[in-house]
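Chemist: Each chain, written out:
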Amino acid sequence: MYSTGFNTNQIMRQVIYALALGISASYIFFGWGIVIQILLGVVSALVIEAAFMAIRGRPVLESISDGSAVLTAVLLAISIPSIAPWWIIVVGVAFAIIFGKQLYGGLGSNPFNPAMLGYAFLLISYPLQMTTWPVDFSAFSQAINIIFNALSFDGLSGATRLDEVKTGLSLGNNLATMQVHSTSQAWINAGFLVGGIYLLVRKVIFWHIPVAFLSGIIVMALLVLIFDSQTHLPVQNHLMLGGTMLGAFFIATDPVSASTTPKGRLIYGFLIGVLIVVIRNYGGYPDGVAFAVLLINMTVPLIDHFTQPKVFGRA
Amino acid sequence: MSSYSYPGGVVIANPYPVDQVKIIQSPLPDKVVLPLQQRIGEEAKPCIEVGDRVLTGQVIAQTEDQFCVPIHASISGIVTAIDKQAIPHKSGLKSTCISIESDGKDEWIKTKGCGSDFLHCDKQTIIDYIQHSGVVGLGGAGFPSHAKLNKAIDCHTLIINGTECEPGMMCDEALMQHHPREVIRGVEILLHITGAQQAIIAIEDDKQEAYQSLLMFNHNDRISFAQLPAKYTSGAEKLLIKALLDVEIPSGGFAADKGILCQNVSSVKAIFDAVIDHRPLVSRIVTITGDALTPTNVEVRLGTSFEQVISLTDVNNQAHDYRMGGMMMGVDIETTQMPICKITNCIFVNNKTLKQPAKECIRCNTCNTVCPIGLLPQQLYWHAKSENIEKCTDYHLSDCIECACCSYVCPSNIDLVSYFSFAKALDKKQTADQERIDIARDRFEFREYRLDRNKEERSQMMAEKKQALKEKMAKDKEQGLEQTDKIAQAMARVKKTKEDNV
Numbered sequence: 002m003y004s005t006g007f008n009t010n011q012i013m014r015q016v017i018y019a020l021a022l023g024i025s026a027s028y029i030f031f032g033w034g035i036v037i038q039i040l041l042g043v044v045s046a047l048v049i050e051a052a053f054m055a056i057r058g059r060p061v062l063e064s065i066s067d068g069s070a071v072l073t074a075v076l077l078a079i080s081i082p083s084i085a086p087w088w089i090i091v092v093g094v095a096f097a098i099i100f101g102k103q104l105y106g107g108l109g110s111n112p113f114n115p116a117m118l119g120y121a122f123l124l125i126s127y128p129l130q131m132t133t134w135p136v137d138f139s140a141f142s143q144a145i146n147i148i149f150n151a152l153s154f155d156g157l158s159g160a161t162r163l164d165e166v167k168t169g170l171s172l173g174n175n176l177a178t179m180q181v182h183s184t185s186q187a188w189i190n191a192g193f194l195v196g197g198i199y200l201l202v203r204k205v206i207f208w209h210i211p212v213a214f215l216s217g218i219i220v221m222a223l224l225v226l227i228f229d230s231q232t233h234l235p236v237q238n239h240l241m242l243g244g245t246m247l248g249a250f251f252i253a254t255d256p257v258s259a260s261t262t263p264k265g266r267l268i269y270g271f272l273i274g275v276l277i278v279v280i281r282n283y284g285g286y287p288d289g290v291a292f293a294v295l296l297i298n299m300t301v302p303l304i305d306h307f308t309q310p311k312v313f314g315r316a
Numbered sequence: 028m029s030s031y032s033y034p035g036g037v038v039i040a041n042p043y044p045v046d047q048v049k050i051i052q053s054p055l056p057d058k059v060v061l062p063l064q065q066r067i068g069e070e071a072k073p074c075i076e077v078g079d080r081v082l083t084g085q086v087i088a089q090t091e092d093q094f095c096v097p098i099h100a101s102i103s104g105i106v107t108a109i110d111k112q113a114i115p116h117k118s119g120l121k122s123t124c125i126s127i128e129s130d131g132k133d134e135w136i137k138t139k140g141c142g143s144d145f146l147h148c149d150k151q152t153i154i155d156y157i158q159h160s161g162v163v164g165l166g167g168a169g170f171p172s173h174a175k176l177n178k179a180i181d182c183h184t185l186i187i188n189g190t191e192c193e194p195g196m197m198c199d200e201a202l203m204q205h206h207p208r209e210v211i212r213g214v215e216i217l218l219h220i221t222g223a224q225q226a227i228i229a230i231e232d233d234k235q236e237a238y239q240s241l242l243m244f245n246h247n248d249r250i251s252f253a254q255l256p257a258k259y260t261s262g263a264e265k266l267l268i269k270a271l272l273d274v275e276i277p278s279g280g281f282a283a284d285k286g287i288l289c290q291n292v293s294s295v296k297a298i299f300d301a302v303i304d305h306r307p308l309v310s311r312i313v314t315i316t317g318d319a320l321t322p323t324n325v326e327v328r329l330g331t332s333f334e335q336v337i338s339l340t341d342v343n344n345q346a347h348d349y350r351m352g353g354m355m356m357g358v359d360i361e362t363t364q365m366p367i368c369k370i371t372n373c374i375f376v377n378n379k380t381l382k383q384p385a386k387e388c389i390r391c392n393t394c395n396t397v398c399p400i401g402l403l404p405q406q407l408y409w410h411a412k413s414e415n416i417e418k419c420t421d422y423h424l425s426d427c428i429e430c431a432c433c434s435y436v437c438p439s440n441i442d443l444v445s446y447f448s449f450a451k452a453l454d455k456k457q458t459a460d461q462e463r464i465d466i467a468r469d470r471f472e473f474r475e476y477r478l479d480r481n482k483e484e485r486s487q488m489m490a491e492k493k494q495a496l497k498e499k500m501a502k503d504k505e506q507g508l509e510q511t512d513k514i515a516q517a518m519a520r521v522k523k524t525k526e527d528n529v
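Respectively, the protein sequence lines represent chains A and B.
Residue numbers for the first sequence follow our numbering, beginning at 2 and rising by one.
Residue numbers for the second sequence follow our numbering, beginning at 28 and rising by one.
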């Protein structure tokens with residue numbers, strides 16, 4: 002009727018803009034890979050979305066211009082290793098958009114975060130490609146070669162810090178002897194943190210989910226530290242490693258799959274945070290943002306049901 | 028001063044601000060059209076006929092219904108028609124109206140009220156004056172003032188609603204600025220009727236001139252002022268009571284239950300006219316605003332057509348979108364060939380624009396944060412869209428005041444409130460249907476029961492009869508044997524007599 006502030010398309014665009022800092026940090030440390038992945042993801046997302054809307058007999062242009070498919074593709078492209086072969090992102094985006102969104106009825110109807118669904122699908126199906134991360138800067142031609150020609154450069158790829166820690170601990174190593182800090186990861190996380198604060202200031206997202214999400218991580222990380230400080234990461238590493246900040250401000254805040262009540266959003270964010278630490282410490286995977294988000298997505302109807310706000314004039 | 032707050036609502040600057048809030052006196056219309064249907068109750072019945080001459084203020088239609096007020100001629104002239112015409116109602120349906128052609132004289136009927144010394148009039152007389160002068164809530168709801176007064180006769184607090192929170196509307200503001208004496212005296216009349224200890228005049232803090240002029244005329248220490256922050260929905264009765272007195276009227280309850288009476292400031296002025304002079308309500312102030320003209324207020328006789336009122340302004344001659352009754356809660360209208368009614372507080376005339384189509388809901392939650400009632404419009408929308416009335420009831424659909432804050436902030440441009448009014452209508456229809464079905468089923472079940480009962484009674488009766496017959500037959504049989512003997516004896520006697528006679 003009389004819209005104020007941002008409309009839906011602008012919200013999507015704002016979120017994409019806010020990702021720029023984190024993406025830049027990734028570029029600075031690891032080179033052109035991430036840029037190529039994003040471009041690949043966006044193009045395939047637009048093609049798949051358009052094709053599917055055409056099949057469903059819905060207006061194609063309106064749908065691809067709303068920015069939601071692009072956002073899904075960008076989020077997924079950021080989440081996967083930037084040196085993954087080209088078909089990884091294409092398959093992931095296709096799964097995210099077709100099974101994560103369109104089959105549920107399109108934008109607004111999906112119970113799961115599409116990008117995380119795509120990520121989980123890729124991680125389970127292609128564990129090798131999904132856990133081979135870059136360790137150094139790659140130039141444009143180098144990145145093209147790695148992504149399209151599957152050339153492997155020794156010394157260019159490796160595991161993430163969280164992965165190393167997990168493997169080290171499983172081999173019986175002591176945490177004190179291991180490198181638990183990662184400068185590149187910390188900078189990338191800081192980039193997403195600043196982008197997230199931008200979204201908060203522009204009122205594109207509400208504070209409830211990120212705050213609860215990070216509190217969940219801090220509380221749970223402290224709790225496990227009390228019991229065993231030898232084999233568990235300190236709190237600050239939980240916050241600045243892996244997908245923490247991306248998850249807190251860009252993934253868990255996806256309004257479609259999140260809880261809708263203020264109290265519900267606090268519970269929702271907190272549970273995701275707790276679950277991430279649980280998965281990192283006790284689960285089979287080094288990082289747990291995607292699985293934590295998907296699992297808590299499932300509880301949203303229940304959370305929403307029990308957290309309805311007080312209605313005026315009712316007890 | 029602005030400490031009165033409440034959650035939700037939206038701050039909207041007046042989209043068409045003016046330097047000075049003026050009132051233009053509209054010239055007498057050539058013709059007025061007066062609808063007979065009021066907000067509640069039955070349609071009034073005309074007590075004049077086509078061709079009759081009527082005076083200004085004369086009762087031309089009335090009903091026995093205690094909730095209704097009589098309808099007065101708003102000009103003097105000849106009744107030219109009593110027929111169905113378009114009225115300003117969101118249904119767009121036509122309704123019976125009385126049309127009067129003006130004789131240009133504006134000759135009034137003679138009336139006599141309490142005079143300025145109203146204190147000697149008793150309460151019931153004053154309330155009768157108010158009813159017979161046709162005073163209803165002029166804020167937009169149109170609820171008859173006398174009915175409200177009768178319900179709140181022993182209230183302790185009066186709230187005079189001069190918030191006028193609808194962005195762009197300024198008819199109440201103009202009235203407070205230009206008729207402060209009448210408003211204050213009107214409040215004193217209400218204090219007299221109800222015996223309330225205090226009256227609070229609520230005004231939004233962006234209406235300083237109106238506040239100052241009222242303040243100047245107020246010498247009554249039972250009347251105080253409250254300046255609320257300018258935020259939309261502050262004028263909603265229950266929310267206003269909550270903000271001013273921290274009293275929460277329960278869902279489905281009335282302000283009168285808690286000893287509070289709310290009256291719109293324009294209604295208070297009308298009450299003043301009704302009581303002091305017994306002058307019927309035949310005109311009102313209407314805001315004409317929008318981007319197609321210079322916004323202003325017009326005091327106009329009831330029944331004047333929208334078109335004529337709009338023509339009094341400097342409206343441009345492009346294609347227009349029209350809307351009546353507020354930017355937020357009003358309705359878009361197609362035609363301006365409709366009469367001004369008591370509840371017509373505002374008309375928007377905007378240059379025609381293309382409406383943005385609605386997109387999908389992304390559950391962003393913005394609507395939840397602005398709902399002043401604390402509802403979850405997003406969830407309600409979901410269920411209203413799928414016509415799941417049971418779920419809508421779970422989410423307290425009936426508490427929605429249709430303020431349209433949710434529609435206003437929706438980034439996907441979804442007109443949420445229209446889904447809610449649709450769901451409410453559907454709920455009403457389903458409840459009515461269910462009642463009819465229940466009655467029909469009860470009737471059917473009773474018929475079945477009755478038929479069964481009849482059958483049973485009948486078979487029982489038959490069985491009893493059969494039994495009785497059987498018993499009788501058995502008896503008869505015994506008797507029959509005796510009878511046969513008797514017959515045989517008689518026959519023998521006859522035979523014997525015959526033989527003897529031969």
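Calculated directly from the structure, the hints in this document are not laboratory data.
Take the hints with a grain of salt, since some may be wrong.
[Unchecked claim] The calculated BS3-like cross-link candidates involving lysine-lysine, where the alpha carbons are at most 30 Å apart (straight line), are:
no.: 1; chain 1: A; residue 1: K311; chain 2: B; residue 2: K455
no.: 2; chain 1: A; residue 1: K311; chain 2: B; residue 2: K72
no.: 3; chain 1: A; residue 1: K264; chain 2: B; residue 2: K412
no.: 4; chain 1: A; residue 1: K264; chain 2: B; residue 2: K451
no.: 5; chain 1: A; residue 1: K311; chain 2: B; residue 2: K178
no.: 6; chain 1: A; residue 1: K204; chain 2: B; residue 2: K72
no.: 7; chain 1: A; residue 1: K264; chain 2: B; residue 2: K386
no.: 8; chain 1: B; residue 1: K111; chain 2: B; residue 2: K72
no.: 9; chain 1: B; residue 1: K269; chain 2: A; residue 2: K204
no.: 10; chain 1: B; residue 1: K513; chain 2: B; residue 2: K482
no.: 11; chain 1: B; residue 1: K111; chain 2: A; residue 2: K311
no.: 12; chain 1: A; residue 1: K204; chain 2: B; residue 2: K412
All values derive from a computational prediction rather than experimental measurement.
Chemist: Indicate, hint by hint, whether the structure satisfies it.
Modeler: Results for each hint:
1. Distance check on the hinted pair: A/K311 and B/K455 sit about 24 Å apart at the alpha-carbon level, within 30 Å; holds.
2. Restraint check: the Cα-Cα separation between A/K311 and B/K72 comes to about 45 Å, which exceeds 30 Å; the hinted pair is violated.
3. In summary, the hint linking A/K264 to B/K412 is supported, as the alpha carbons are separated by about 25 Å, within the 30 Å threshold.
4. At most 30 Å may separate the alpha-carbon atoms for a hinted pair to count; A/K264 and B/K451 meet this at roughly 27 Å.
5. At roughly 29 Å between alpha-carbon atoms, A/K311 and B/K178 fall within 30 Å of each other, so this suggested pair holds.
6. Of the supplied pair hints, the one linking A/K204 and B/K72 is violated, its CA atoms being roughly 56 Å apart against a limit of 30 Å.
7. Our distance criterion of 30 Å between C-alpha atoms is met by A/K264 and B/K386, whose separation comes to about 27 Å.
8. With a C-alpha separation of about 14 Å, the suggested pairing of B/K111 with B/K72 holds against the 30 Å cut-off.
9. Of the supplied pair hints, the one linking B/K269 and A/K204 holds, its CA atoms being roughly 28 Å apart against a limit of 30 Å.
10. In summary, the hint linking B/K513 to B/K482 is not supported, as the alpha carbons are separated by about 43 Å, beyond the 30 Å threshold.
11. As the CA atoms of B/K111 and A/K311 are separated by approximately 45 Å, the hinted pair breaks the 30 Å bound.
12. As the CA atoms of A/K204 and B/K412 are separated by approximately 27 Å, the hinted pair is consistent with the 30 Å bound.
Hints 2, 6, 10 and 11 from the earlier list are contradicted by this structure; the remaining hints agree with it.
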